[in-house]
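K.L.:
Based on these hints, arrange chain B on the given structure of chain A.
2 protein chains.
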Amino acid sequence: MYDKHFLLDDKSAIDYIRYKSDFFGADEKLVCKEIGDGNINYVFKIIGQNKSVVLKQADVLLRSSKRPLDINRIYIESEVLKIQSSYSKSVPEIYFYDDIMHIIAMEDISSYKNMRLELLNGRIFPDFADQITDFLVDTLVPTTDLIMKSEEKKKDVQKFINIEMCDISEDLVFTEPYYDYKNRNIILEKNRDFVQKNIYDNERLHFKVAIMRNNFMNNAQALIHGDLHTGSIFINESGIKIIDPEFAFYGPMAYDIGNVIGNLYFAMYYNEIVSNNKQMYEYLQRSIYNIIVFIKKKMEKKLRSLIQLPIYNDEFIRNYVDRTISDSLRYAGTEMIRRVVGDSKVLEITSVKDIDKRVDLERSILNRALMLIC
Amino acid sequence: MYDKHFLLDDKSAIDYIRYKSDFFGADEKLVCKEIGDGNINYVFKIIGQNKSVVLKQADVLLRSSKRPLDINRIYIESEVLKIQSSYSKSVPEIYFYDDIMHIIAMEDISSYKNMRLELLNGRIFPDFADQITDFLVDTLVPTTDLIMKSEEKKKDVQKFINIEMCDISEDLVFTEPYYDYKNRNIILEKNRDFVQKNIYDNERLHFKVAIMRNNFMNNAQALIHGDLHTGSIFINESGIKIIDPEFAFYGPMAYDIGNVIGNLYFAMYYNEIVSNNKQMYEYLQRSIYNIIVFIKKKMEKKLRSLIQLPIYNDEFIRNYVDRTISDSLRYAGTEMIRRVVGDSKVLEITSVKDIDKRVDLERSILNRALMLIC
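Residue numbers (this note's numbering), protein chains in the order written: chain A, 756 to 1129; chain B, 756 to 1129.
The following block holds chain A by itself, in its conformation from the complex:
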């Protein structure tokens, strides 16, 4: 059974988990619901008497557009989750991976909530900067060849070449927002001239973004998550869980760090301009500042404690971390531009119905992005 891939539904998902595991008792009553809200995969949550499990399944077609996408992405995701969970508690536990049905059976993290929505609802998580920098430093640093054996790292670079997912990022993050060559950018009428002048016609910006694009595509520094926005971060009072690493590959650490920072800026400007929540604004501003301070401190410390080869001396470590931080701010900028100009918006922007406030919000985000990049 299950020797050929087919897409589960709520009923067949229950049959599947009963057949594949003894996670639930034989007579236990189970309920299943498809809870996927992304545009890529299907997510079945199966609830028993006392516990629950999540099955994440990939199809040969994208969930949203039904266009074909390499199904190998879910193998990459399961392998990345295994590696990350060996370094950090802030990822869901993996029970098994089925390489025929393309299913990851994993911990149900429903007790954690989508961080983007939580921030939109004005929830403060005082330890977030500390928690996310732990996750970043703990999962990124050990996958560099400053720490890993060169041979093992090269095998992982080879294994995690992630052509189709990288192609999406190269296009959506580093190309379309600057040219609209696919005619998919979505720009408010009142911001057209602003975007034309400051983004489309800004040669200095293009030069700087081109360097970051080239770095994204060539710098096989560490096994990065690849899509670390606040919708991939689940959070509650006790901690965070990072999910959805299907964009993972060997790339620059700064891309992950920059994505986190960029997404906090969305929440920060939302609270300044739309909700006028001063406490949230200050909390988010402080969190961004703390992330930078903590990354510097923790990454230097971890590198110092793990590096074996003396040529990677103290001056090298300081320079390496400083460059990572300045690149992170630039990647925060590219994330901010693409979410305002491109077609993959964030809720902090699209949920704003007052058009003048949204114009203000978008310009604040773009101006900050230009400052970070140029």
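No lab work stands behind these hints: they were computed from the structure. Among these hints, one or two may not hold up.
If chains are identical, the list can't say which one is meant, so a pair holds when it fits in one copy or spans any two.
Stated by the list, open to error - Here are the simulated lysine to any residue pairs, SDA-like style, with alpha carbons at most 20 Å apart: (1) Lys1051 with Ile966; (2) Lys904 with Thr930; (3) Lys800 with Gly986; (4) Lys914 with Asp853; (5) Lys910 with Asn827; (6) Lys788 with Ser807.
P.N.:
Relative to the frame of chain A, chain B by itself:
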């Protein structure tokens, strides 16, 4: 026949080429000689009445030390030669590749001579800077993802992961010369203190070399030759042929350019200090200068003519080429240090019998290397 790998000898090499090709006439008298002088592979030259062919064969054991080395290296070499020959005439023509016998059958380039020996013999090749920069720019630029489709380039990065050969360079070029941790460095008694102070105890140098090591290991910029010293360059009045790309992988272009420059410095200082050949000295100095000027001019021009994506604008191209050149000078420096301090010396150094001249020569090379790197 030939369905299992075995190492050829002069006789079986003749049988092999007769069986595998009709390159020679059925009754043609053939002579074969093993002419390999490297420490890795075997090279059989087979000569008929009017033409000749070279068979390069890899064994499971290294030719020199008899230690095992991944035999896949010769597949990489044949694939690299095919790619390079599609972009440049300055590589030998490949007739066929045998993936069982691990043999490349290729053009006999005996009419070209080993450039290191030619320079030692005081031969001037006025067009070398022009020819080598054509080869470098023509083979390196088209394998970057500024030009190649991102998807194809990633597949090539994956295919050309070259673990064992890169490991050798990482060790011999970027580790051992700075620590002697394997106790294999070979240093003249009279230069011990100089090396101790300026190389082993030079933290600033270690920092700079660490950045170049990290760049060598992480920057998958282009399909590079990986070992482009003057012994891999064959030359005559009509042109050059570049051989032996078994160290090839996706790495920084600057490493290839730097190797060429570093090896010209060996010849330059040899002519200044040992042979007192002023004309050669000036020719070599001018060649180094011209390589830098030509790389800048040709690489910018080629990038401008081939780049499709407008984000890679003029400022980006200038910056990209300038960084390539400054990195090239630093890699020239690491090549110069490793050939003086490490155990893989060059003939320009080892052939010098007058010990005081050799001391002078080594110090001049090391001082120049320190200037280039720091």
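K.L.:
Could you check the structure against the hints above and give me the numbers of any it violates, in ascending order?
P.N.:
none
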